[in-house]
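Asker: Listed here are the chains, written in short residue letters.
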Amino acid sequence: MVHSVTARRRWVAAIGFLSVSALALSGCAQSQRDSGGGGKEGGTLTFGAAGAPKLFDPFYATDGETFRVARQMYEGLVGFKPGTAEVEPALATEYKPSEDGKTWTFTLKEGVKFHDGTDFNAEAVCFNFERWYNQKGAGQSDAVSQYWLDNFGGFKDTPDKPSLYKSCTAKDPKTAVIELTKVTSQFPSVLGFTSFSISSPDALKKYDADNVQAAGDAFTYPAYANEHPTGTGPFKFSKYDKANNTVELVRNDAYHGTKAKLDKIVFKIIPDETARKQALKAGDIDGYDLPNAADWAGLKSDGFNVAIRPAFNVFYLGINQKNNPKLADLKVRQALMYAINREQLVKSQLPEGAKVATQFMPDTVNGYNKSIPEVKYDLEKAKSLLAEAGASDLTLKFYWPSEVTRPYMPSPKDLFGAMSGDLQKAGIKIDVVTKPWNGGYLTDVDQGIPDLFLLGWTGDNGTAHNWVGTFFGRPDNRFNTGTSPWGATLAADLAKADSEPDEAKRTALYEEINKKIMEEYLPAIPISHSPPALVLKSDIKGVVPSPLTDEKFGPASKG
Amino acid sequence: MLRYTIRRLIQLVGVVLVLSLLLFAWMRLLPGGPVSALLGERATPESRAALTKQLGLDQPIIVQYFKFLGRAATGDFGVSTGVQPGDSALEIFLQRFPATIELSFFAIVIAIAIGVPLGYLAAKRRGGWFDNFSVIGSLIGVAVPVFFLAYVLKDAASVGLGLPSQGRQGDINATRVTGFFTLDGILTGEWDATLDALEHLILPSIALATIPFAVIFRITRAAVLDVLDEDFVRTAEAKGLTAQLIRRRHVLRNAMLPVVTTIGLQTGALLSGAVLTEKVFSIPGVGQALAIGFERRDYPVLLLLIIMATIVYVVVNLLVDLSYALIDPRIRTR
Amino acid sequence: MTLGVSKKEKIDDLAESAGVSLAASAWKRLRRSPVFLIGAVIIGIFIVVSLLSPWLAPHNPSDPMLIDQVVKARNEIPPPQPGHPLGGDLQGRDFLSRLLVGSQQTLIVGVGATLIGLTGGLILGTLAGALGGWVDSTVMRLVDVMLSLPSLLLAFSIAAMFAKPSQFTVILAVAIVQIPVFARLLRGSMLAQRHSDHVLAATALGVKKGAIVFRHMLPNSLSPVIVQSTLVLATAIIEAAALSFLGLGNPDDRIPEWGQMLGDVQNVFDTHPHLAAYPAICIIIVALGFTLMGETLREALDPKNRR
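Chains as they are written, first to last, in our numbering: chain A, 20 to 578; chain B, 3 to 336; chain C, 2 to 308.
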């Protein structure tokens, strides 16, 4: 409560209710930085969540709030090195591909037990894969098994939609062999996604885990997903108290690795951003995710630890060539890039640590091309390019989304304001359309209605395919690259790079593709990479900010 | 009396049906909707089409509406897509309603406790500085946007008085019985919880009370003025009754009628105001759910909450009309 | 018969105050009422400023001319400086210019919502009041449904119904809520007149029904309508702000409106309070101006006050 005196005082002064008194600020912002050392045992960590988890079965999860809770209780065969997007062993101690890259042998960790006391072994692994592959009915819906559909394709009974997965064999209790139908750079790093965590086969069977039903305009989930999530992680499910809006996890004392220091984690659901901030200041919670960038400085000066994640996203100005033939001209698209003052935009509108994007992936991804130069703002060049292309009186339908903030796009309205101002200076007329994110914006963008639109991407893993492959992997994408002759070439090149088993060669292929995208194709204009943050009380130690928002509270301690 | 009540209730059912059909059709006709909410930015045109089919959203709206009515009859009003994704709409309503009742109750108590005496005094001193001052004050109260006032109160008073600047989030340690924060503490003997809950309610209920206060004040003033002019008061004065007796027996009692009516009407202002106030103070009530629902286009929740608000509003006004008859015997014969 | 008797009775009370003979005496009293004059002066200034605002504003309100002084990362916005007495907003646009130009849009919201509400109410109310019978009961049933929702909540819901929010949808949402109020008002005052002497006389003289409605009944219903309109002007402006606050307002802010300016800065209420305080104070003053005029008009036109 004491901490926000400054802010409030200004308020009061502006309204003219009270005259400002000289409260000593130094006394209020008391520093807690130098407390504690190597991580105390015990205690409860209360984390402010922005929304309720939809369920606790990671396989059916699609949103961040659900994943956050699930990843404390579950582990996959592989994981990500804390603070990076690099794959490291987890429940599998070792994994290697066959020569053709289609068969993978996983050596499993021994002595691992699920929360229900049953053993983790190769059979359990195969049981999980078969469960995923054998989803039926509503379980096959895009809204339910989204991560499987995105990464593994179809299911056993959907022959028209082939699957990446072919089979899983338990050679012996500690060896699982997984066969794939084709080679992809995505494997095995996809297995690090929380969605593909290993559940206890017993619990899955007992609590009817696959019984998903479409009900009205939503889905209902079985007891496993609602009340009995059973994994191998450092924390176990305790309860979801809906009356108090809290989810409680407790320490798993039988954990196979380094046991958690905290006794308990409580996720307290506070939908309102300002309320989360105040709850933190009042000491009701120990931290929350995605503090508003404008609050970072204030939170820091109040003694909180603003943990900035490496920027693992890209924000871009989408271009659709379909409706305006002028946009099919590379010069016009380049003119747009020169006309937008990206440096200014990043400095004025984005959080600390944000960078101008030179390509459609951040530099931590394999395949990032260092040799692509940063294109500087050049209004004259933009104008002359437009004149050359005979597009001096260009009018563009520019869409921006309302009712949304994204880690890569903290305030769409302000970002749009700055960009449209820049474009107008270059003599481009703007026809503005704004629609709610979930109320027409995304549908219109998918249907190719806008000429220009704002969108972005947060990476799932460190493979280049997850970025450029997602954007341009099909010629009929959001940018309609297929309308240009190079669209199909680009898609083919991307497919080729993805199926290259040799990592060095693959990286080289992606570097080349990135260069071509920026210099020859320019299907859209990458704007920036901006780092999201999470804020914690200074006595919370051991939480490593992850580019994938894959923060594990296992090693965390309080006090 | 009974026939009147029954007729009003039947009308209410009609209103609810018409309203729910309108809201339902609206929900379905808007672009985006449940499919966008479920799939988000990862959606592809194919996955959109597949999900639309799977959820039966490609059927005629009227068919979907009857299916919805069938489910609604079993208490299934759909699942939230934005407020508390995955939770049933009915659950969200039931869980949040006590907080809103609590807030509205304190607000209306404050509004009455200040509005009625002030209105009475202003009427007694008609034209005096006290009267003019309080009339203009009440008009200013109406002119201030509720949410702005809430922010000012929140920031000014919590610094000045050290009051909690946000509504109660629900204490993890307190025992829940009824869902009413103040009541639970009394029932379980956790007095500190009750005190704490009350403390958290002060600022939000003051903010919410301004509009009902202004209206109640003005109605009381007007009603008292009317009654003071009535013949029976003049007669009483002529008879030489003491001022106090006149006040108690005649003026207040007769002036109460329009005031009671107004209090019923204020339920509407309270419900609408709660949307704004609960958002500002982040009180986990129905109003906050509506505010988030509007923001995130959570149609199933909006549908249920708007219908519930209508029912509450109509029922409270019906109760007011009935109590009206109790106060004024003349109406009972109607 | 009716739902929410009470709300309607209030409207009906106002409807009874119809009568053209009142106007002259009312005006006489209004001219001497200091409260009315204060309101009139406020509104006069408001209208003049909003009409002249394109020339009064020192800069283009949508030009991010001070963008280089905006640093979101440190929560910095352009401070007051020469040429920009109130500094800039979150996008580096001149704040004073936005406030000035904002008055125009605010006036449009208020007047637009009132006119649409009035027109809708006029059509429904005239139909119901003049024709009676099944037209009357159908229209009034519709009005009842609308009145059975808390009005502000109804405005929120209507605003949320539009797929593409804009200034126009805000106006419409605020206006639709007023239609049943105006409709009831007009119907009530028409019903009251149906059996009045001048209407009976006109009917006896063989004047056509349409002519009676438009030449005799409507003009006589004007005064309660004027009172209600003045009050609606104030509520419309306040409600538009509430819509913006809930994210249901016009998302395109190149041409500013006060309610939108206020609703849009909710996230920086505590760090840049002046961005909220200025538009809020403007709204309060103007809404107060309209309310003062409306309330004094109401009192002046109330037959009970002629004593």
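If you're looking for bench data, these hints aren't it; they were derived computationally from the structure.
Any given hint could turn out to be false.
[Said to hold, decoys possible] Listed next, the in silico DSS-like pairs over lysine-lysine satisfying Cα-Cα at most 30 Å (straight line):
no.: 1; chain 1: C; residue 1: Lys165; chain 2: A; residue 2: Lys345
no.: 2; chain 1: A; residue 1: Lys534; chain 2: A; residue 2: Lys444
no.: 3; chain 1: A; residue 1: Lys341; chain 2: C; residue 2: Lys29
no.: 4; chain 1: B; residue 1: Lys69; chain 2: C; residue 2: Lys29
no.: 5; chain 1: C; residue 1: Lys29; chain 2: A; residue 2: Lys448
no.: 6; chain 1: A; residue 1: Lys100; chain 2: A; residue 2: Lys341
no.: 7; chain 1: C; residue 1: Lys29; chain 2: A; residue 2: Lys432
no.: 8; chain 1: C; residue 1: Lys29; chain 2: A; residue 2: Lys444
no.: 9; chain 1: B; residue 1: Lys126; chain 2: C; residue 2: Lys165
no.: 10; chain 1: A; residue 1: Lys155; chain 2: B; residue 2: Lys69
no.: 11; chain 1: A; residue 1: Lys155; chain 2: B; residue 2: Lys126
Asker: Against this structure, judge whether each hint is valid.
Answerer: Comparing the hints with the structure gives:
Among the hinted pairs, C:Lys165 with A:Lys345 is consistent with the structure: their alpha-carbon atoms are about 27 Å apart, no more than 30 Å. The suggested pairing of A:Lys534 with A:Lys444 holds, with an alpha-carbon distance near 28 Å, which does not exceed 30 Å. Proposed proximity of A:Lys341 and C:Lys29 is contradicted: the alpha carbons are some 67 Å apart, above 30 Å. With a CA separation close to 63 Å, the supplied pair B:Lys69 and C:Lys29 exceeds the 30 Å bound.
Distance restraint check for C:Lys29 and A:Lys448: the Cα-Cα separation of roughly 55 Å exceeds the 30 Å cut-off, and the hinted pair is therefore not satisfied. This hinted pair does not check out: A:Lys100 and A:Lys341 have alpha carbons roughly 42 Å apart, beyond 30 Å. A hinted pair counts as satisfied when its Cα atoms are at most 30 Å apart, and C:Lys29 with A:Lys432 does not qualify at roughly 51 Å. A distance of roughly 57 Å separates the Cα atoms of C:Lys29 and A:Lys444; the hinted pair therefore is violated under the 30 Å criterion.
Taking the CA atoms of B:Lys126 and C:Lys165, the gap is about 52 Å. The hint is violated against a cut of 30 Å. Simply put, A:Lys155 and B:Lys69 have alpha-carbon atoms about 24 Å apart, close enough for the 30 Å limit, and the pair holds. For a cut-off of 30 Å, the pair hint linking A:Lys155 to B:Lys126 is broken: about 76 Å separates their Cα positions.
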